[in-house]
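Each chain, letter by letter, is given below.
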Amino acid sequence: MNLKIPFNNSKLPINYLLKNGSVIDPDKNTIEKKDVLIEGKIIKDLKKNISVDEKKFKIIDCNNLFISPGIVDMRVNIGEPGFEHKETIKSACKAAASGGVTSIVCMPNTNPVIDQPAIIQSIQRKAREVSLSKVFCTGCITRGAEGNEICELQLMREFGALGFTDGNKSVSNARVMKRALNYAKSFDGLIIQHPEEPELSQEGMVNEGESATRMGLTGIPTYSEAMIIERDLWLVRDTKCRYHVSHISTKESVEIIRKAKKDGLPITCDTAPPYFILNELSLENYRTFAKLSPPLRTEEDRNYIIGGILDGTIDVIVSDHTPHDQDAKRLPFNQAEFGGVGLETLLPMTLILVKNYNLSLIKAISLITKNPSEILGLETGTISPDSEADLIVFDLEKPWKIKSENFHSKSKNSPFDNILVQGRNLMTFVRGRLVYKF
Amino acid sequence: MIEEKVFKNYPHKHLLGIEGLLPDSINYLINLSKKYANYLEDNNQKLDDLKNKTCINLFFENSTRTRTSFELAGKKLGADMLNISVGSSSIKKGETLIDTAMTLNAMQPDLIVVRHNDAGAVKLLSEKVNCGVINAGDGPHEHPTQALLDSLTILRRKKTISGLKVAICGDIMHSRVARSNIHLLNTLGAEVRVIGPATLIPKQIESMGVKVFYKMKEGLKDVDVIIMLRLQLERMSGSFVPSIREYFRYYGLNNEKLTYAQSDALVLHPGPMNRGVEIDSELADDLDRSAIFEQVQMGVAVRMACLKALVKDR
Numbered sequence: 000m001n002l003k004i005p006f007n008n009s010k011l012p013i014n015y016l017l018k019n020g021s022v023i024d025p026d027k028n029t030i031e032k033k034d035v036l037i038e039g040k041i042i043k044d045l046k047k048n049i050s051v052d053e054k055k056f057k058i059i060d061c062n063n064l065f066i067s068p069g070i071v072d073m074r075v076n077i078g079e080p081g082f083e084h085k086e087t088i089k090s091a092c093k094a095a096a097s098g099g100v101t102s103i104v105c106m107p108n109t110n111p112v113i114d115q116p117a118i119i120q121s122i123q124r125k126a127r128e129v130s131l132s133k134v135f136c137t138g139c140i141t142r143g144a145e146g147n148e149i150c151e152l153q154l155m156r157e158f159g160a161l162g163f164t165d166g167n168k169s170v171s172n173a174r175v176m177k178r179a180l181n182y183a184k185s186f187d188g189l190i191i192q193h194p195e196e197p198e199l200s201q202e203g204m205v206n207e208g209e210s211a212t213r214m215g216l217t218g219i220p221t222y223s224e225a226m227i228i229e230r231d232l233w234l235v236r237d238t239k240c241r242y243h244v245s246h247i248s249t250k251e252s253v254e255i256i257r258k259a260k261k262d263g264l265p266i267t268c269d270t271a272p273p274y275f276i277l278n279e280l281s282l283e284n285y286r287t288f289a290k291l292s293p294p295l296r297t298e299e300d301r302n303y304i305i306g307g308i309l310d311g312t313i314d315v316i317v318s319d320h321t322p323h324d325q326d327a328k329r330l331p332f333n334q335a336e337f338g339g340v341g342l343e344t345l346l347p348m349t350l351i352l353v354k355n356y357n358l359s360l361i362k363a364i365s366l367i368t369k370n371p372s373e374i375l376g377l378e379t380g381t382i383s384p385d386s387e388a389d390l391i392v393f394d395l396e397k398p399w400k401i402k403s404e405n406f407h408s409k410s411k412n413s414p415f416d417n418i419l420v421q422g423r424n425l426m427t428f429v430r431g432r433l434v435y436k437f
Numbered sequence: 000m001i002e003e004k005v006f007k008n009y010p011h012k013h014l015l016g017i018e019g020l021l022p023d024s025i026n027y028l029i030n031l032s033k034k035y036a037n038y039l040e041d042n043n044q045k046l047d048d049l050k051n052k053t054c055i056n057l058f059f060e061n062s063t064r065t066r067t068s069f070e071l072a073g074k075k076l077g078a079d080m081l082n083i084s085v086g087s088s089s090i091k092k093g094e095t096l097i098d099t100a101m102t103l104n105a106m107q108p109d110l111i112v113v114r115h116n117d118a119g120a121v122k123l124l125s126e127k128v129n130c131g132v133i134n135a136g137d138g139p140h141e142h143p144t145q146a147l148l149d150s151l152t153i154l155r156r157k158k159t160i161s162g163l164k165v166a167i168c169g170d171i172m173h174s175r176v177a178r179s180n181i182h183l184l185n186t187l188g189a190e191v192r193v194i195g196p197a198t199l200i201p202k203q204i205e206s207m208g209v210k211v212f213y214k215m216k217e218g219l220k221d222v223d224v225i226i227m228l229r230l231q232l233e234r235m236s237g238s239f240v241p242s243i244r245e246y247f248r249y250y251g252l253n254n255e256k257l258t259y260a261q262s263d264a265l266v267l268h269p270g271p272m273n274r275g276v277e278i279d280s281e282l283a284d285d286l287d288r289s290a291i292f293e294q295v296q297m298g299v300a301v302r303m304a305c306l307k308a309l310v311k312d313r
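Protein sequence lines, in the order shown, are assigned to chains A and B.
Taking numbering that gives the first Met the number 0, the leading residue of the first sequence gets 0, the next gets one more, and so forth.
Taking numbering that gives the first Met the number 0, the leading residue of the second sequence gets 0, the next gets one more, and so forth.
One or more hints might be untrue.
[Said to hold, decoys possible] Straight line, CA to CA, 20 Å or less: simulated PhoX-like cross-link-like pairs of lysine-lysine:
(1) B:K164 x B:K214
(2) B:K202 x A:K239
(3) A:K177 x B:K202
(4) A:K125 x A:K3
(5) A:K239 x B:K210
(6) A:K27 x A:K43
(7) A:K46 x A:K18
(8) B:K214 x A:K239
(9) A:K436 x A:K397
(10) A:K436 x A:K402
(11) B:K7 x B:K33
(12) A:K400 x A:K411
No lab work stands behind these hints: they were computed from the structure.
Start from the sequences and build out the full structure, keeping to the hints where you can.
What follows is the structure, encoded as structure tokens:
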């Protein structure tokens, strides 16, 4: 498969020397000016003033630029198989590469859903053909994501599933969830929950409260998220299984998880940029592009999410990339689909926390590299000699306007369209290959 | 006949479970079983140990091997065996367990063998009758004669139980065989482990004196005896385990997993087997490794011993 510039998936081996960049190392907690020597697939050396034979290495000057591990995005909907009109593995990988995401972890809500090893294999085969970002899968917890019978979790893990989740559905039956946690505990598996009590959010469109009332839309209460997390915590306390909560959006969730972590439970969680950048006022004029799941909440919730990120309660920031074609969004609000794309805006949105909320740059980068990588048990998300060269080079200051029509993703449904941001990914290396150059 | 040991008799009226039995009582039953096993190997003739005695087999749950085994054992001892199965009895017509017990008691049998699908039901029945009662399995609670025959089989192959490492694998949660074996093997001094997915291991089973393992490789390390348990059909797909193929891959016993255990490890299975679910077909037929058919043979001897021990002279 040949791709046009700015992408490159050729297998030709080129060795690189990145000169004078500021290297962000989340493992060592340092930012230092260093050279990075990439030979074949791996980072061969990482120190000041490396000199090499110019004929054998392509030298790239990174002065005034930052070099960090590639982004690991642990919540991406890739659309393929089943929804190729919204997104394909190829278009998702292009979006990822341009956004600096070197590893994408796809949700199992494809069609058919990922509930058996064969589907994982087929996605991986396709991703190898595209050969841009790395593609990993999660598997369903229950067969058909229907919430009744547990899937072949252990077999799927053997075939590469990093964790188990019913994706955009909550496992609402407590007995099934208990069995899943218990079963996954047997082999130290990771259970990922979309926290939403389905009976309470049924027909709900937006956050329950003033906005919903004024707009005449059915609300989803904040505690519909909190009660599933609290319920699951009882099961986690009992089973001791590793448990990860996806895209939390409310004050209550932050408080519950903060306490659970203090109690030493094996729990981690993530949130997505809309929940710390936007609030329910973005829904004005029935903007369906801001119709997300979970829904945008109040300003108070948004501040609590930021607080959770700053104090480490929230471990990971995900893009929650959910592509939808125009036809699924250009509809009356009630009929429009939930979700927004995010692969190409994850980095600048995360950097807003650095610019506006005094989050340190290392911590911000850890949230999208080292932390997700550790939770998922991946060997990426790090920048150290002899590790695979999954790297990005970005400009921390470069101002630009998010224009969804310039997205490489097949779908343009971004809640951040036309927002001015700072910070842009310029180069993406995956396994030592320069797959994207701005 | 082998030499009589110091044990003069079995000190209890009933045999409701292994839990609470002293080593002496267990050894008495096992030694008596050995005696009968030896007798059966050389003789085909009926004994008259229980001549003119009446035993009732009362089975509320389907069973072929246990019921037949008790029936055969009784007949070998010269007793009159009556079979009552649920389908053809007044229990179907709505009689309560206690009424059934009192009705049968009025017929003055010498012993009742009971299987029931509810834990504790056999004990309830035993409180309402004058004769001895043998528990032939009550729900997931106990199945004492199975544990005794397993131990007899182990003893014949390994000479001793004390100090052996025994792993019980599979559906521990729903297994009465597992519970009785855990009590018996612990009482006789073995080190007992249970192995299975966490969904099939009941809470706090460690308190019964076992070590819990979730991986066959770790659990089978250095064990001398492996007791495989049957996985019920209705538990195979999606409820407790995801599928047959996944269960067999991670918890089914085959020659490869057997290499984790001692090189002379013995394989037991209470039957009926699900070939290709919990045990590899070839392994099940390997007479050097698996004692599955020897267990059935020992079953008759053990039941003869239990009947003999519990029927009292009037």
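Structure-based check of all given hints:
Taking the CA atoms of B:K164 and B:K214, the gap is near 16 Å; set against the 20 Å cutoff, the hint holds. Between the alpha carbons of B:K202 and A:K239 the distance comes to roughly 13 Å, so the proposed pair stays at or under 20 Å and holds. Taken as a hint, the A:K177 and B:K202 pair is honoured in the structure, with Cα atoms around 13 Å apart against an allowance of 20 Å. With a C-alpha separation of about 18 Å, the suggested pair A:K125 and A:K3 falls inside the 20 Å cut-off, and the hint holds.
Distance restraint check for A:K239 and B:K210: the Cα-Cα separation of roughly 17 Å lies within the 20 Å cut-off, and the hinted pair is therefore satisfied. Between A:K27 and A:K43 the CA atoms are separated by roughly 18 Å; this keeps the pair inside 20 Å, and the hint holds. The suggested pairing of A:K46 with A:K18 holds, with an alpha-carbon distance near 10 Å, which does not exceed 20 Å. With a C-alpha separation of about 16 Å, the suggested pairing of B:K214 with A:K239 holds against the 20 Å cut-off.
About 15 Å separates the Cα atoms of A:K436 and A:K397, which keeps this hinted pair within 20 Å; it holds. About 18 Å separates the Cα atoms of A:K436 and A:K402, which keeps this hinted pair within 20 Å; it holds. Only pairs whose Cα atoms come within 20 Å are accepted, and B:K7 paired with B:K33 is accepted, the gap being roughly 15 Å. With a C-alpha separation of about 15 Å, the suggested pairing of A:K400 with A:K411 holds against the 20 Å cut-off.
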